[in-house]
Every structure is written in structure tokens, then in C-alpha cells.
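The primary structure of each chain is shown beneath.
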Amino acid sequence: MLEDKKSYSNIFLNGIFNDNPIFRLALSMCPAVGISTNMMNGLLMGIAVLFVQICSSLTISLMKNFIHPRIRIPTYTLTIATWVTVTDLVLAAFFPVAYKSLGIFVRLIVVFCFITMRLDVFARKNPVFPSLVDAVGMGFGFMFGMIAIGGVRELMGMGTLLGYDILGFRPLLFFVLPASGFFVVGFMMAIFNYTETIYNQRKRARSTAS
Amino acid sequence: MKEIIKITVGLTMTCLIAAAIMGGVFIVTAKAKKHNEYVNFQENMLKLLGFDENKPAPEALQLCTVFRYLVHQDKKTSLGYMLPVQASDATDDITYQLVLVDIQGQFIAKYDLAILLAQATDEKDREKAITAVLTGNNNTIEYADQFIVAKNGDQRLAYLLPGKTPGFKTHINFMMAMDATYSIVGLQILEHQEDPGLGAEIEQEYFKNQFTGKDVERLKTLKVIKEPLPDEQLRFLERTKWINNEFSDDDLATLQKKYQPKDICAITGATISSVAVLNGVKNVATKFVYRVKVLENIISKQNISVAF
Numbered sequence: 000m001l002e003d004k005k006s007y008s009n010i011f012l013n014g015i016f017n018d019n020p021i022f023r024l025a026l027s028m029c030p031a032v033g034i035s036t037n038m039m040n041g042l043l044m045g046i047a048v049l050f051v052q053i054c055s056s057l058t059i060s061l062m063k064n065f066i067h068p069r070i071r072i073p074t075y076t077l078t079i080a081t082w083v084t085v086t087d088l089v090l091a092a093f094f095p096v097a098y099k100s101l102g103i104f105v106r107l108i109v110v111f112c113f114i115t116m117r118l119d120v121f122a123r124k125n126p127v128f129p130s131l132v133d134a135v136g137m138g139f140g141f142m143f144g145m146i147a148i149g150g151v152r153e154l155m156g157m158g159t160l161l162g163y164d165i166l167g168f169r170p171l172l173f174f175v176l177p178a179s180g181f182f183v184v185g186f187m188m189a190i191f192n193y194t195e196t197i198y199n200q201r202k203r204a205r206s207t208a209s
Numbered sequence: 000m001k002e003i004i005k006i007t008v009g010l011t012m013t014c015l016i017a018a019a020i021m022g023g024v025f026i027v028t029a030k031a032k033k034h035n036e037y038v039n040f041q042e043n044m045l046k047l048l049g050f051d052e053n054k055p056a057p058e059a060l061q062l063c064t065v066f067r068y069l070v071h072q073d074k075k076t077s078l079g080y081m082l083p084v085q086a087s088d089a090t091d092d093i094t095y096q097l098v099l100v101d102i103q104g105q106f107i108a109k110y111d112l113a114i115l116l117a118q119a120t121d122e123k124d125r126e127k128a129i130t131a132v133l134t135g136n137n138n139t140i141e142y143a144d145q146f147i148v149a150k151n152g153d154q155r156l157a158y159l160l161p162g163k164t165p166g167f168k169t170h171i172n173f174m175m176a177m178d179a180t181y182s183i184v185g186l187q188i189l190e191h192q193e194d195p196g197l198g199a200e201i202e203q204e205y206f207k208n209q210f211t212g213k214d215v216e217r218l219k220t221l222k223v224i225k226e227p228l229p230d231e232q233l234r235f236l237e238r239t240k241w242i243n244n245e246f247s248d249d250d251l252a253t254l255q256k257k258y259q260p261k262d263i264c265a266i267t268g269a270t271i272s273s274v275a276v277l278n279g280v281k282n283v284a285t286k287f288v289y290r291v292k293v294l295e296n297i298i299s300k301q302n303i304s305v306a307f
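Those protein sequence lines, which keep their order, are chains A and B. Residue numbers for the first sequence follow numbering that gives the first Met the number 0, beginning at 0 and rising by one. Residue numbers for the second sequence follow numbering that gives the first Met the number 0, beginning at 0 and rising by one.
If you are wondering where the hints come from, they were derived from the structure by calculation, not from laboratory data. Please read these numbers as outputs of a predicted model, since none were measured by experiment. The beta carbon of each residue, even a glycine, is placed where N, CA and C say it ideally should be. Careful: at least some of the hints might be erroneous.
Residues from chain B that face chain A, not an exhaustive set, calculated with beta carbons under 7 Å [to be verified]:
| hint | residue |
| --- | --- |
| 1 | Ile6 |
| 2 | Thr13 |
| 3 | Ala19 |
| 4 | Ile20 |
| 5 | Met21 |
| 6 | Gly22 |
| 7 | Val24 |
| 8 | Phe25 |
| 9 | Thr28 |
| 10 | Lys32 |
| 11 | Asn35 |
Whenever a hint applies, use it, and build me the whole structure from the sequences.
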């Protein structure tokens with residue numbers, strides 16, 4: 000039982016740290032650069048992706064015995080497209096404000112490669128519950144990345160966070176422009192990797208010392 | 000062969016299930032989406048008239064919509080205006096009257112319609128009411144457009160004109176407000192699919208507000224120029240974004256006067272979108288002014304007690 004719990008938490012943390020879609024796999028960079036101009040957009044996009052990832056992973060994991068291996072990619076695309084359309088319609092109907100700022104980017108979730116990748120690598124081969132944990136982990140990893148990038152860009156560009164005035168002035172308007180997305184993603188990726196290297200070094204040093 | 004059938008059946012089943020899910024969700028959400036669009040439309044109208052949370056609309060504010068239809072009777076085509084009128088009995092209700100006008104602007108006939116102001120938002124109800132009063136065979140009606148007259152008590156505030164123009168990608172839906180002297184009070188972009196960061200800047204205050212104050216005569220020669228906006232004008236156009244009271248009322252008047260004759264400065268990297276909006280505004284404004292003059296003429300000659 001203990002072993003099980005540990006492996007589930009490993010699967011979950013794997014999505015956030017080791018296989019973080021943005022900072023580690025560098026997949027789905029289009030939304031990371033395009034929509035993360037402020038923290039709210041990042042959060043909303045993260046929630047939308049989390050929902051789509053969970054639903055698609057569950058569907059594929061449940062239906063894995065019926066899917067012909069030769070045509071699995073079209074099936075994945077169809078599954079994701081269905082859930083994205085559902086998200087799109089629901090957002091348009093019940094969250095018009097969020098829909099207005101996300102707009103076309105919601106429809107873009109159909110071609111997010113890390114969702115397809117997760118379906119092919121994980122959900123296809125694993126039972127329902129581990130797939131769910133993996134989907135939640137991946138979704139939160141993406142959301143964490145989007146919020147981090149959006150937060151930095153909003154704070155540096157507009158001097159606000161989630162719309163609240165923090166700094167009272169605008170440090171560098173450049174940060175909300177599209178080009179800065181690449182810089183921010185690059186720098187955050189470097190910081191992410193650097194912290195991990197340091198952490199691993201310490202861990203190794205500790206294990207050799209003991 | 001067996002494999003082919005298996006794959007075909009599998010994919011067809013997947014598609015059918017997907018279609019069923021999407022269709023179900025669409026049916027559930029369609030109504031709410033339509034309602035959202037309606038609320039959005041109303042909000043934009045109030046915003047154009049200068050009302051918001053800080054300055055709520057007065058009780059007496061009334062929005063009367065005039066619908067324009069193309070009416071084909073036998074081989075003749077005429078324009079049918081649905082005008083809101085005060086009901087003839089003592090009640091304060093507003094009903095509609097259909098006024099038929101020929102292409103040259105001559106009055107043909109008028110009919111009373113059995114439809115109230117509140118019902119008129121529904122397209123099917125309107126068409127039913129119109130076809131009920133038209134005499135003769137082979138009548139077809141075709142919805143053309145509408146405009147809204149905002150009045151506060153007895154005072155006419157503005158005309159609100161929805162419009163549509165082909166943008167860089169798809170249509171740009173906008174709404175503009177004109178005052179009684181036919182100069183533009185405001186412009187709102189309702190829906191568009193332009194590129195974020197480039198064409199989507201048509202939503203920004205600094206572009207929309209450039210249209211404020213232009214009258215019909217000026218609109219005829221108005222064009223898009225490829226010049227950067229001067230800093231002063233930019234701050235003036237975006238004044239609601241910055242600290243309040245940066246400009247005194249006198250400053251605003253002089254600045255408005257200074258920039259009123261100026262052409263529209265194109266958005267950097269989105270000249271096509273800028274020109275599209277300008278052409279749409281020009282088109283809607285000139286046609287509206289012509290039509291409203293014809294209509295006013297008929298209203299005064301025929302003694303129609305219009306509600307606006």
C-alpha cells in the first residue's frame with residue numbers, strides 16, 4: 000500500500016518537475032508565449048488544459064482495449080478535439096469574460112503536443128487511476144508554468160499581479176509584447192534547470208556523506 | 000480486408016460518439032450563449048452612451064429599435080421600416096408600425112403591427128407580425144439591418160448603429176453612436192478575429208477614440224494615414240486609462256478641437272484592419288444619414304406618432 004502511494008505521488012510530481020511540459024519538455028510553447036501576457040490568462044488557460052487533459056486521459060485509458068493500435072493517433076486527436084469543443088462551448092456560455100480573453104487559444108488546445116504525448120506514452124498503457132493522477136500532474140505542471148511566466152510578464156510589464164496594482168508603475172512595457180515571451184521562457188527554463196542541478200548535487204553529496 | 004472493416008467501424012463509432020457529445024453540449028449551452036451575446040450587446044450600447052457602473056443609466060432611458068426590411072411584393076421591391084410608435088390607446092405601451100417606402104424614398108403605405116417592443120427582439124416574432132399585415136400574394140421579406148434610437152425622457156440622446164465590415168480575416172462587427180447632428184460620439188468593436196497584437200488593436204481606446212467628433216461631411220474625405228500618433232494625442236485618446244483629472248475640461252475641449260480635423264492614424268502593422276474599420280464606419284454613417292432623412296420626412300408628412 001505504501002509502495003502504491005509513493006508511486007502515485009511520483010507520477011504526480013513527475014508531471015510538475017521532471018517532465019514539466021513547458022520547462023522540461025519544451026512542448027506547447029505557442030500558448031506559453033502567446034497567451035501568458037498576464038497571470039489571469041495563464042491561470043485560465045491552465046485550468047482549461049487541466050480539464051481537457053484529465054478528460055482525454057480518462058477516455059483513452061477507459062477505451063484502450065477498443066482502440067486499434069494502427070489508428071490510435073486519429074483517435075487521440077478526435078478525443079482531444081471533442082473535449083476542447085466542449086470546453087469552448089461551456090466557456091462561451093457560462094464564462095463570457097474568460098472566453099473573451101482566451102478566445103482563439105482555447106481552440107488551439109487541440110494541437111497541444113504534450114496532451115497527445117501523454118495519451119500515447121501513459122494513458123494507453125496504464126489503468127484508469129494512474130492515468131488520472133498523471134493527467135492531473137501534467138495539467139498542474141502546465142498551469143504552474145503558465146502562472147509563473149504570466150506572473151513575471153505581468154509584474155515586469157504592467158506592474159500588476161492578477162490585475163491588482165503592485166508596483167505602481169510600469170517597469171518595462173517590453174515584457175508584455177510577444178517577443179519577450181521567448182526571453183522569459185528561456186530565463187525561467189534556465190532557472191528551473193539550475194535549481195534542479197543544485198538540488199541533485201546536494202542530494203548526491205548527502206548520500207555519499209552518509 | 001477484415002482489418003480495413005475493423006478500422007473503418009472503429010473510427011466511425013468514435014466519430015459518432017464524439018458528435019453525440021458535442022451536439023449534446025451545444026444544445027445545452029446554445030441558449031446561454033445567445034443570452035450572453037444579447038447582454039453584451041446591451042452593455043456595449045450603454046457604454047457608447049457613456050453609462051457604466053459609476054454612472055448608471057437613468058430610469059427614463061429607452062432604447063427604441065428601428066428595423067429595416069426588404070419587402071418583395073409580386074415583382075416590386077420596397078423598403079419596410081418597422082417604427083416603434085406610441086400605442087393609440089391610453090396605455091404607455093410601445094407597439095410597431097410598418098411603413099413601406101419605395102426605392103426613391105416615396106411613401107407607399109403604413110400598417111399597424113400587433114407586436115410589442117419587448118417581443119420585437121425575436122426575429123421570428125417580427126417576421127410573423129409583418130407577413131400577417133401584408134396584402135397580396137408572393138410576399139417575401141428579407142431582414143436588412145437595424146438602428147437604435149436612445150432617448151432619455153423626451154430628449155433624443157443618440158442613434159446607435161450596428162455595422163459589419165470585412166476585416167483582415169473575417170467580418171468585424173462594430174457599433175457606433177451618432178448624435179442628433181450626425182457626428183460620431185463613439186465606436187465600439189463588438190466581435191472580430193484579427194491577429195492579437197496587430198489587428199486586434201482596433202479594440203484599443205487610442206484607435207477607437209480617434210473617430211470621436213468626426214461629422215458626416217468630414218467622414219466623406221476621412222482617410223487612414225501612416226503616421227505615428229503624437230504623444231499628446233495618445234495621452235488624450237487614452238485618458239480613461241491613466242490617472243483621472245490629468246486634463247481639465249478646458250484642456251479637453253481644446254485638444255478635441257485640435258485633433259478633430261485630423262485623419263485616422265493607422266495601427267502599426269495593421270493598416271488593412273484600420274482601413275477596414277474606417278470604411279465600415281463611413282459606409283454605415285453615410286447610408287444611415289440618407290435613410291434617416293427620408294424617414295424623418297415621411298414621419299412628419301404622415302403624422303406618425305413615433306416613440307422616439
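Each hint, compared with the structure:
1. Ile6: 5 Å, holds
2. Thr13: Nearest chain A Cβ about 5 Å off; hint holds.
3. Ala19: 10 Å, violated
4. Ile20: 6 Å, holds
5. Met21: 5 Å, holds
6. Gly22: 10 Å, violated
7. Val24: 5 Å, holds
8. Phe25: 6 Å, holds
9. Thr28: The hint holds - threonine 28 of chain B has a Cβ within 7 Å of chain A, the shortest such distance being about 4 Å.
10. Lys32: 5 Å, holds
11. Asn35: At 5 Å from the nearest chain A Cβ, asparagine 35 of chain B passes the 7 Å test, so the hint holds.
Going through the hint list in order, the structure does not satisfy hints 3 and 6.
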